[in-house]
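For the sequence shown, the numbering used here gives the first residue as 1, with consecutive numbering after it.
I should point out that these hints are in silico values taken from the structure, not numbers from a laboratory.
Each residue gets a CB set at the ideal place from its N, CA and C atoms; glycine is no exception.
This list has only true hints and no planted wrong ones.
Listed next, the in silico DSS-like pairs over lysine-lysine satisfying Cα-Cα at most 25 Å (straight line):
#1 Lys444 with Lys127
#2 Lys202 with Lys229
#3 Lys127 with Lys50
#4 Lys40 with Lys172
#5 Lys100 with Lys127
#6 Lys172 with Lys41
#7 Lys166 with Lys145
#8 Lys127 with Lys172
DEER-style ranges, computed between Cβ atoms:
#9 Lys59 with Asp329: 55 to 65 Å
#10 Asp296 with Asp352: 30 to 40 Å
#11 Gly263 with Asn90: 48 to 58 Å
#12 His199 with Lys59: 13 to 23 Å
#13 Thr245 with Gly107: 51 to 61 Å
#14 Thr245 with Leu289: 18 to 28 Å
#15 Asn339 with Lys246: 38 to 48 Å
#16 Ser331 with Asp264: 18 to 28 Å
#17 Asp329 with Ser376: 17 to 27 Å
#18 Leu275 with Met149: 51 to 61 Å
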Amino acid sequence: MKKTLINLLLFALVLTGISVFFPVNSNAKVYINIYAARIKKIRVAVPDFKNISAYGQHKKIEKNAANVIRHDLSVIGYFHIVNPLSYLENPQYAPISPEKIDYSNWGVLNAQYLITGEYKTSNGIIKMKANLISIYTKRLLFSEKLEGMDGQYRFLANKFADDILKFLTGIKGPFTTRVFFVGEEGGSKNILVMDFGGHRVKKITNNDSINIFPYPSPHGNKVAYISFKDGNPAVFIKNLKTSVTKRLNLPGPADFVAWSPTGDKLAVALTPDHLNTELYTVGVNGGNLKQLTFSDGINTSASFSPNGNRIAFVSSRGGSPQIYIMNSDGSGQHRITYNNSSYNSSPAWSPDGKKIAFTTFVNGALEVCIMNADGSDERQVTNTPYSAQHPAWTRDSRIITFDTEIAGRQELYMIDVNESGMMRLMPRMFPEMQNYYDAEWTLKSSY
Numbered sequence: 001m002k003k004t005l006i007n008l009l010l011f012a013l014v015l016t017g018i019s020v021f022f023p024v025n026s027n028a029k030v031y032i033n034i035y036a037a038r039i040k041k042i043r044v045a046v047p048d049f050k051n052i053s054a055y056g057q058h059k060k061i062e063k064n065a066a067n068v069i070r071h072d073l074s075v076i077g078y079f080h081i082v083n084p085l086s087y088l089e090n091p092q093y094a095p096i097s098p099e100k101i102d103y104s105n106w107g108v109l110n111a112q113y114l115i116t117g118e119y120k121t122s123n124g125i126i127k128m129k130a131n132l133i134s135i136y137t138k139r140l141l142f143s144e145k146l147e148g149m150d151g152q153y154r155f156l157a158n159k160f161a162d163d164i165l166k167f168l169t170g171i172k173g174p175f176t177t178r179v180f181f182v183g184e185e186g187g188s189k190n191i192l193v194m195d196f197g198g199h200r201v202k203k204i205t206n207n208d209s210i211n212i213f214p215y216p217s218p219h220g221n222k223v224a225y226i227s228f229k230d231g232n233p234a235v236f237i238k239n240l241k242t243s244v245t246k247r248l249n250l251p252g253p254a255d256f257v258a259w260s261p262t263g264d265k266l267a268v269a270l271t272p273d274h275l276n277t278e279l280y281t282v283g284v285n286g287g288n289l290k291q292l293t294f295s296d297g298i299n300t301s302a303s304f305s306p307n308g309n310r311i312a313f314v315s316s317r318g319g320s321p322q323i324y325i326m327n328s329d330g331s332g333q334h335r336i337t338y339n340n341s342s343y344n345s346s347p348a349w350s351p352d353g354k355k356i357a358f359t360t361f362v363n364g365a366l367e368v369c370i371m372n373a374d375g376s377d378e379r380q381v382t383n384t385p386y387s388a389q390h391p392a393w394t395r396d397s398r399i400i401t402f403d404t405e406i407a408g409r410q411e412l413y414m415i416d417v418n419e420s421g422m423m424r425l426m427p428r429m430f431p432e433m434q435n436y437y438d439a440e441w442t443l444k445s446s447y
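Please model the complete structure; the sequences and the hints are all you need to start from.
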């Protein structure tokens with residue numbers, strides 16, 4: 001255990017690049033394998049943060065900051081959050097420093113790790129400190145000082161959860177990223193965006209038409225989507241900083257759009273002859289249109305590999321929808337799904353390039369599966385009573401978002417690649433929306 005802790009500490013030093021304090025150094029080692037199936041969950045206690053403000057102002061942050069961290073870590077399949085109702089200490093009086101903690105109060109709860117935190121607010125600024133402590137060794141593993149506007153406490157808590165994961169696994173968490181999705185209200189469908197916890201919800205489009213398939217740019221400052229607002233479905237790009245929206249003048253109706261990792265072009269499905277739907281690449285200003293597929297039937301749902309060299313897509317050229325791979329210039333097209341299903345669709349390349357998530361029929365229902373990028377080692381991830389569709393990865397390649405029907409309503413859910421169980425991803429605003437679907441995550445932090 002001591003050797004593991006020493007390895008962890010240097011690993012954090014090399015990779016985090018933030019204000020971290022620890023006692024020892026040694027060789028680096030990744031602690032958690034993110035693709036290890038059904039690992040034993042790590043029990044973590046997260047008491048409310050201690051309010052050390054001069055006058056005790058912004059008291060709600062005590063619980064809210066801790067709740068953010070609890071929520072974030074509970075999504076990841078290898079953490080179990082010890083029930084706060086079982087904690088034996090009042091966090092407003094208990095010490096947060098590892099040398100002063102009464103470890104017997106946490107050992108009796110079988111907690112393995114303890115996250116403690118404190119904050120103070122003054123003149124609109126919040127200063128926060130949070131610690132990750134080992135109960136077994138009674139040592140500080142990781143500590144971070146965070147600062148921002150007092151309204152940004154959620155982001156600061158999200159950032160600490162992000163950095164805990166980077167400390168433990170070498171890969172930063174997705175908790176400061178945002179997700180774009182479609183919200184349905186009446187006969188209209190609009191693009192919305194929210195943070196990981198469902199807060200800071202904002203409408204990107206606000207019309208009485210149909211707006212679908214949102215796809216954020218690599219830097220998260222723009223979003224491309226398909227809209228019917230001018231009649232036939234067309235590609236639109238909205239600059240999120242300037243709020244300027246432009247339409248790309250392309251031949252024929254558009255069916256799907258995806259951003260390349262370089263941010264200089266899009267992959268789009270077009271049907272210029274109203275017969276065959278083919279895949280094209282096009283510059284963000286509408287120029288340099290290049291056709292990639294030339295086959296009967298439908299070719300759509302492009303997903304670039306993280307290095308931009310290859311594209312996964314769906315084609316019905318063989319008689320049923322199947323997943324194919326091609327080089328980004330259209331060469332080398334070949335099929336990679338050869339399971340027993342006559343329907344494989346919605347490929348989504350993981351940000352680390354190792355996996356492709358997709359939708360397939362299993363026992364009469366659509367389910368999300370993952371496979372290696374060459375089509376091997378297929379594994380079912382979801383097991384829903386109704387169909388699970390439109391998988392999308394978070395930036396850490398751990399979590400997949402999908403939409404499924406619950407009680408007659410289409411909603412967004414999350415599941416990690418270790419199949420830890422579904423968690424609802426629900427907007428905290430706009431409850432009038434009837435359905436939510438078509439999620440796609442940013443790769444950059446939202447601040």
